[in-house]
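Undergrad: Here is what each chain is made of, one letter per residue.
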Amino acid sequence: MGPPPVARGEAPFPERGTPIAGISVIIRSLPDLLRATILNIELLLALITVGLVVGTVVALLEVYGGRGLRYLAMGYEWVFRSIPALVLLILFYFGLSEFGINLSPFLAATLALGFRSSSYQSQIFRGAIQALPHGQMQAARSVGLSRTQAIRHVILPQAFRLAIPAWSNEFSSVVKDTTLAYAVGLNEVLRHARFIMVRHYNLAMLAYITVALIFFVLTYTGNRWLGWLEKRLRIPGLEARGGGTL
Amino acid sequence: MELVFEWNWLPQLANGLVITIEITVICIAIGIVLGLLLAMARVYGSRWLSLPAAIYIQFFRGTPLLVQLFLVYFGLPTWGISLPPILSGILALGLNTAAYQAEYFRGAIQAVRGGQLMAARSVGMSLPQAIRYVILPQALRIVIPSWSNELILMLKYTSIVYMVTVLDLMGTGYRIAARNFRYFEVFIVVALFYLALVFIVTQLLRLLERKVHIPGLGAGARMEHH
Amino acid sequence: MSLLVVEDIHKKYGKEEVLKGVSFSLEKGETKVVIGPSGTGKSTLLRCINRLTPPDKGRVLLDGEDVTHPKSNINKLRAQMGFVFQDFNLFAHLTALGNVRLGPMKVKGMKKDAATKLAMEELARVGLADKADAYPAQLSGGQQQRVSIARALAMSPKLILFDEPTSALDPELIGEVLTVMIELAKEGMTMLVVSHEMGFARSVADEIIFMEHGVIVEQGPPDQLFNAPKHARTGEFLHKITELYGETA
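Chains as they are written, first to last, in this note's numbering: chain A, 1 to 246; chain B, 1001 to 1226; chain C, 2001 to 2249.
None of these hints come from the bench; they were simulated from the model.
All figures in this text were calculated on a predicted structure; none of them were measured in a lab.
It is possible that part of the hints are untrue.
Unchecked claim - Restricting the straight-line Cα-Cα distance to at most 30 Å, the calculated cross-link-like pairs of lysine-lysine (DSBU-like) are: (1) C:K2076 / C:K2020; (2) A:K231 / C:K2112; (3) C:K2158 / C:K2106; (4) A:K231 / C:K2106; (5) A:K231 / C:K2131; (6) C:K2158 / C:K2071.
Bound conformation, chain A alone (with noise of 0.2 Å):
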């Protein structure tokens, strides 16, 4: 399966009287379009959690890592930003099941997404990171903390805070990524814009600006939801020092 590119026939005629008769017909369609909106929600926290773990990882083997691995993480970085995500999901979604791999579109869209997430995140953690003064980990480890312990209990807990601020753009920027998915034939809301698109014409506009409406929304509750959480995880001196690049 998977969408063809998109032609286009002729456009028809706007009806008469189709603007309020075009309004009651979208907001028919508003439960089906918020379903799926939930597939992107969940493609979203899923995707996100793939960036984070890895992201996390391949930022700790830029810092802390021996040449070789050092090497391989901006490696993996440098790969993953520059291949655009519509490549990334085609070769996890068509391109895998040449060997027998089938993944589902939720699940290649999600490793696709995520690992191209993992390598934007894994910049953002590692300019934190480096960020944090020296002393600290000096503190931790003439304490008796070994690295990991020292990265664990001191690096890390203060990095993520520092983070907040960028991964927020990531986020926001991954939010919108969701509908990519639509091209692996996702049932996310793109494609059920597309539905009521194809059966009613002339709704193109109001279909499309309902759809980018929805994101608004959830873009706008995803920043104040993480605002929120930078709030609560505060503590009281701990900002950006150094002016890294974060």
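With chain A's structure known, arrange chains B and C on it following the hints.
TA: Just chains B and C now, with coordinates in the frame of chain A:
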């Protein structure tokens, strides 16, 4: 499992690559012009200018690019405006990148210290002159890192135009793969093309930055993406 | 057997040799103060002793165990040596209490309740029990440094290394830190202190070590160095320093 590769893919993909580059250049150009105008409307404009600009920016940064593309491609015809696929793509991408660039320019303009403008006016320059000869030369250097980031991003995001039948690098790859079902092999090559493209452009941008660098005029601009 | 033996330490940074063969020892209960012009490697020396900076040549023995050996259990050894930094380096994301009990909990495996009790005792010892729930940014410099001493004490170390503990403090705050340090010395803690505080050195040190250009020029009891130094340079330096910093005790 045998992997297949055919040399005749390369010239086809190369053609697609040219289209990709063309699309990128044009939409970035639209983005620069429109973005600068929007940024100046936000920084120097009255309420009547700065508010619509802000709404525009909020909309195009806050909604997915794909939705914007479909709005242009499917939506505009219902208003009687029917554009060929490639122009729809360029328009949507251009409008989108303009919003992001507007924010980067705004940040850079505001990073130029207020004293600069005061000094320019004290010498007798009008506001447009001050902007042109004092503010912009500095702001444009400050904006380079975030702008470079945007350029690279755009290079990759142009790939969405394949969804409206444009035969850019991505679209060409899709067409080849749809015929021979060698999605993996074809798209690995496509990925390599993009890798090479991004690498070359990144190096060129570094050269640019070094060439226009002025000691003491740095940038700490934040990176953002779609 | 001496508690701490420092043998022929050499350290180079790039082309510059910062430590050119430093040797001395420290007995249990002794307090020694290292003085000398800035940049003579005094801080580097301390960091070599707990191997935050590995020396290029030479050995450090803590109770007979080789700290500098690559195969040594460095975390275990560091847990036996306290280190107080010039910049305090308190863990910014933890309260004073959190800072002091992290080591006992994670390195020594103490349970939270026991560690908290211990931490509160050490905070009380440095006079900051009432600030247990404050974050480092909410404390003055002197308070932060005292918490950092409590953090070192909580590990029950065999000795404590002090790297210019008062140099980053405002003059009015120096006193409270020195008071704590003098108390520790009186209680019999083994201490190696790099400092400019001559009053402290004079009243508390068993021996003063004068370093310059990466070597020990002279070492001996305070009286000897102040009144009858063997080297002219020692006398010069002490004179200048006492002029500059006065005698705070």
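Undergrad: All the hints need checking, so say for each whether the structure fits it.
TA: Taking the hints in turn, this is what the structure says about them:
1. C:K2076 / C:K2020: holds (28 Å)
2. A:K231 / C:K2112: Given that 30 Å is the threshold and the Cα spacing comes to 27 Å, the pair holds.
3. C:K2158 / C:K2106: holds (19 Å)
4. A:K231 / C:K2106: With Cα atoms ~28 Å apart, K231 of chain A and K2106 of chain C stay inside 30 Å; holds.
5. A:K231 / C:K2131: Roughly 23 Å separates the two Cα atoms, so the pair holds.
6. C:K2158 / C:K2071: The hint holds at about 21 Å.
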